[in-house]
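Q: All chains should be modelled from the sequences, with the hints used to inform the complete structure.
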Amino acid sequence: MNKIKLIGIRGDKNYESWRTTTRQVLKDLNLQNKLEEVNKVDAIVDFQVSAVPALMINDTILLEQNNHIPDTHEIKNSILNYLNQHTQKMQNIVIPTDFSKTAHNAYLYGCDLAEYIGGQVKVMHACYPSVDSLNGINTPNIEELKAYKNDQLDAFIQNDHPTSVESVIEKNMVEKIIKIGFPKDEIIKISEAKDTDMIVMGTTGKGGVLDKIFGSVSSDVAMKAHCPIWLVPPNAQFDGIKNILYAGNYESANGRMLREVSEIAKKFEANIHMVHVSKKKSHEENKIQELVLEKLFNKIAPDLDFEMATVVSEKVWEGLDRYTSKNNIDLMVIVTRHRNFFDSIRHKSITKDMIFHTKTPLLILHLDDIAS
Numbered sequence: 026m027n028k029i030k031l032i033g034i035r036g037d038k039n040y041e042s043w044r045t046t047t048r049q050v051l052k053d054l055n056l057q058n059k060l061e062e063v064n065k066v067d068a069i070v071d072f073q074v075s076a077v078p079a080l081m082i083n084d085t086i087l088l089e090q091n092n093h094i095p096d097t098h099e100i101k102n103s104i105l106n107y108l109n110q111h112t113q114k115m116q117n118i119v120i121p122t123d124f125s126k127t128a129h130n131a132y133l134y135g136c137d138l139a140e141y142i143g144g145q146v147k148v149m150h151a152c153y154p155s156v157d158s159l160n161g162i163n164t165p166n167i168e169e170l171k172a173y174k175n176d177q178l179d180a181f182i183q184n185d186h187p188t189s190v191e192s193v194i195e196k197n198m199v200e201k202i203i204k205i206g207f208p209k210d211e212i213i214k215i216s217e218a219k220d221t222d223m224i225v226m227g228t229t230g231k232g233g234v235l236d237k238i239f240g241s242v243s244s245d246v247a248m249k250a251h252c253p254i255w256l257v258p259p260n261a262q263f264d265g266i267k268n269i270l271y272a273g274n275y276e277s278a279n280g281r282m283l284r285e286v287s288e289i290a291k292k293f294e295a296n297i298h299m300v301h302v303s304k305k306k307s308h309e310e311n312k313i314q315e316l317v318l319e320k321l322f323n324k325i326a327p328d329l330d331f332e333m334a335t336v337v338s339e340k341v342w343e344g345l346d347r348y349t350s351k352n353n354i355d356l357m358v359i360v361t362r363h364r365n366f367f368d369s370i371r372h373k374s375i376t377k378d379m380i381f382h383t384k385t386p387l388l389i390l391h392l393d394d395i396a397s
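Residues 26 to 397 in our numbering are what the sequence shown spells out, letter by letter.
Heads up, some of the hints might be wrong.
Once the Cα atoms are required to be at most 25 Å apart in a straight line, the calculated DMTMM-like pairs of lysine to aspartate or glutamate come out as [as the list claims (entries may be wrong)]: (1) 126 - 84; (2) 292 - 355; (3) 209 - 123; (4) 28 - 41; (5) 249 - 123; (6) 147 - 220; (7) 114 - 140; (8) 214 - 62; (9) 28 - 71; (10) 38 - 61; (11) 214 - 176; (12) 114 - 89; (13) 267 - 140; (14) 201 - 137; (15) 305 - 319; (16) 28 - 245; (17) 171 - 220; (18) 320 - 330; (19) 114 - 355; (20) 30 - 84; (21) 52 - 332; (22) 174 - 217; (23) 171 - 210; (24) 147 - 179.
Please keep in mind that the hints were generated in silico from the structure rather than gathered at the bench.
A: Below, the structure written as structure tokens:
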């Protein structure tokens with residue numbers, strides 16, 4: 026959670042001016058509840074600022090009092106620059122595999138994505154000794170199993186690659202990871218690592234044969250992982266990202282989350298479609314939803330082009346699917362929240378429906394992993 030601190034002495038003319046301007050900026054950025062004021066002298070000394078008033082985020086000093094009082098533009102830019110620099114990166118990509126066709130397609134997609142953004146790829150395979158085997162014979166020998174899986178992973182990485190993927194391999198941008206354990210648990214565990222920015226994995230769809238990893242497990246990983254999950258449907262190919270659909274609602278109308286989406290759009294020079302799915306045909310109610318999202322997004326990313334749309338559909342996934350088909354969407358982004366067992370059985374999430382039904386690559390962001 027980002028901690029925004031205004032440091033200075035209450036009643037001081039300069040401090041009160043900073044305070045008024047900073048509060049207005051944070052209100053514009055939808056961060057108005059995040060300001061902490063530090064006014065006690067001993068506390069001010071602990072922060073070791075060279076002059077007060079001063080503005081900090083976490084342990085970083087953004088601005089200190091000098092010869093002038095910063096205006097709205099200066100304070101806003103300093104905060105946005107910090108948030109943009111500390112936004113979630115996409116450089117270190119983990120691609121889980123079970124050596125299936127679905128996994129191979131996700132691997133090709135992930136390598137093309139890494140080549141486009143200049144990222145690093147880690148190809149990961151997880152297996153559990155009691156249920157895995159060598160040539161059909163169960164083996165309790167961990168080292169033997171790891172050696173066998175390492176050979177499989179080598180063959181998987183080198184097999185039938187287009188030129189773009191060969192380029193990633195030749196640049197030593199591919200690393201192998203073998204994990205002993207249940208695939209779902211190991212993927213979720215690696216999602217918490219500091220050097221994991223994103224997981225790219227395949228999903229088979231509800232009507233397909235669920236592979237060891239890429240069926241129901243992809244749904245669990247998407248809901249429980251602690252980094253963005255980029256899900257790749259069968260036969261999807263990476264050819265740049267020109268149009269991004271952001272499935273918007275009041276929960277996803279979150280300042281930091283909108284900044285994340287805008288940063289992703291900037292990486293790919295993509296257009297953003299803010300799409301709200303409503304079960305009601307009430308024009309007035311739908312227009313209010315659109316206005317809330319539009320107003321907030323204009324504050325967060327005033328220089329970014331986006332389109333607003335409301336789709337009326339009984340099922341969210343059907344409404345979004347229709348929109349993606351009509352508007353050449355290359356990537357859908359949806360927001361979810363980690364939930365405990367009782368929350369999950371009470372809450373009918375659209376995430377699983379989207380994972381099982383989508384024909385378009387799907388990026389899942391976790392609201393409670395991104396501080397607002």
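Q: Which constraints among the numbered hints does this structure fail? Numbers only, ascending.
A: Result: hints 1, 8, 12, 16 break, sorted rising.
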